[in-house]
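Take a look at the letters that make up each chain.
Protein chains: 2
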Amino acid sequence: MASDAKRRQKDPSEILLDRSFHHSAMAKLKDSEKRGRPDLVHVTLLNVTGTPLYLEGMVQVFVHTYDDEVLEIAEKTRIPKNYLRFRGLMEKVLVERPKQGLIKVHSMGVKELARTISADEVIGLSVQGMMTSLEELAKSVTGAKRPSVIVGGFPHGHFSPGTLSVVDQLVRIDARPLEAHVVASRVIYEVEKAKAGSTIKSAS
Amino acid sequence: MASDAKRRQKDPSEILLDRSFHHSAMAKLKDSEKRGRPDLVHVTLLNVTGTPLYLEGMVQVFVHTYDDEVLEIAEKTRIPKNYLRFRGLMEKVLVERPKQGLIKVHSMGVKELARTISADEVIGLSVQGMMTSLEELAKSVTGAKRPSVIVGGFPHGHFSPGTLSVVDQLVRIDARPLEAHVVASRVIYEVEKAKAGSTIKSAS
Chain Z
37 MASDAKRRQK DPSEILLDRS FHHSAMAKLK DSEKRGRPDL VHVTLLNVTG TPLYLEGMVQ
97 VFVHTYDDEV LEIAEKTRIP KNYLRFRGLM EKVLVERPKQ GLIKVHSMGV KELARTISAD
157 EVIGLSVQGM MTSLEELAKS VTGAKRPSVI VGGFPHGHFS PGTLSVVDQL VRIDARPLEA
217 HVVASRVIYE VEKAKAGSTI KSAS
Chain Y
37 MASDAKRRQK DPSEILLDRS FHHSAMAKLK DSEKRGRPDL VHVTLLNVTG TPLYLEGMVQ
97 VFVHTYDDEV LEIAEKTRIP KNYLRFRGLM EKVLVERPKQ GLIKVHSMGV KELARTISAD
157 EVIGLSVQGM MTSLEELAKS VTGAKRPSVI VGGFPHGHFS PGTLSVVDQL VRIDARPLEA
217 HVVASRVIYE VEKAKAGSTI KSAS
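Going line by line, the protein sequences match chains Z and Y.
Adding 36 to a residue's 1-based position in the first sequence gives its number in the working numbering.
Adding 36 to a residue's 1-based position in the second sequence gives its number in the working numbering.
Same shape as in the complex, but just chain Z (with noise of 0.2 Å):
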């Protein structure tokens, strides 16, 4: 890692941990299941960003890291596609902090984010969780005041006590653990769906 950051000209505390360059470095670090992967969360966040329902403005999307970091990302922010480009991105916010503009940093957990936001209803997607279905899962997040929707941003291992404390419905939707960015995608495609049918019903 100390080389990786020697190379890219940069301190080693100011670079992302990504187990595609660090795996070694990785090792002996606790919870390394379930650290850096930031490629995961890049496009997690392309397949949020890129759907009609966050570019209306409808979606607050948020990052948390292990490390109890918090990434808000503003409406209509548009993701760099390149990683490389996205990586650039997250290391400069990581290390200025800042308080405005398109992505703020916040030092906070989970439960303090949940309380931030004034989430009613928080859903977690888990492996873990009940076998629910898509629409039904939609129909929660449509029918709540301030629903909140927790995706794991890391290949394997399980929300924590922390996270899960703060969780109202913990589901899964397939048969098979699929990963962050597909279930997003699916979630978000859903609740554009019941939206819509919610609209015709009430203007019929």
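It cannot be assumed that every hint is accurate.
[To be verified] Below, a list of computed lysine-lysine pairs in the DSS-like style, where the Cα atoms sit at most 25 Å apart:
id : chain 1 : residue 1 : chain 2 : residue 2
1  : Y       : K112      : Z       : K70
2  : Z       : K231      : Y       : K175
3  : Y       : K231      : Z       : K229
4  : Z       : K231      : Y       : K231
[As the list claims (entries may be wrong)] Quick partial rundown of chain Y residues pointing at chain Z, CB under 8 Å, derived from the structure:
id : residue
5  : L76
6  : Y119
7  : R212
8  : H217
These aren't lab readings, by the way, just hints derived from the structure by calculation.
Just so you know, even glycine gets a beta-carbon here, dropped at the ideal spot from N, CA and C.
Using the hints, position chain Y against chain Z.
What follows is chain Y alone, placed relative to chain Z:
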């Protein structure tokens, strides 16, 4: 572009054209708006290959490039999530042109590809197409024997006349232009739902 190749110790003919790094070199390139975006292809492939439908071996994936190379992705291939690894893999297969393995490379246009795979219903997704619902689109797909869906892996521009000539239905699925990866995931998800629906129907 030459300096990027040099830095990466590669021949310029052996690296992927990537607008993030070769922007100025692309200025005078013909059809430049449709080229140099392997990042879009990457995210789209991740979205397709992460779906249950693909994981069950029911989606065959091809990437057709601007200069008529066709990459045939085998069933259950794990596309690297990290962009740099993906780029390395693409550069490798485009140089080595394997005729077997997880990714095979063929020199052919879209017409020849459609003929080779005996596509009997080719659906092109384009803002120039007729507005249709994803449910209707999914019905067309599940109703055909060898359906084929084409999504443009470029941010602007339209299908070439050659591509359009094989398209049976040119459709759009949203009032706004959506990105390739969003379109691909939605189509696959609705096809999954249509298939599940028709299975339940035929079982009852």
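Cross-check of the supplied hints:
no.: 1; hint: Y:K112 to Z:K70; in the structure: holds (24 Å)
no.: 2; hint: Z:K231 to Y:K175; in the structure: holds (22 Å)
no.: 3; hint: Y:K231 to Z:K229; in the structure: holds (19 Å)
no.: 4; hint: Z:K231 to Y:K231; in the structure: holds (24 Å)
no.: 5; hint: L76; in the structure: holds (6 Å)
no.: 6; hint: Y119; in the structure: holds (4 Å)
no.: 7; hint: R212; in the structure: holds (6 Å)
no.: 8; hint: H217; in the structure: holds (6 Å)
Violated hints: none; the structure is consistent with every hint.
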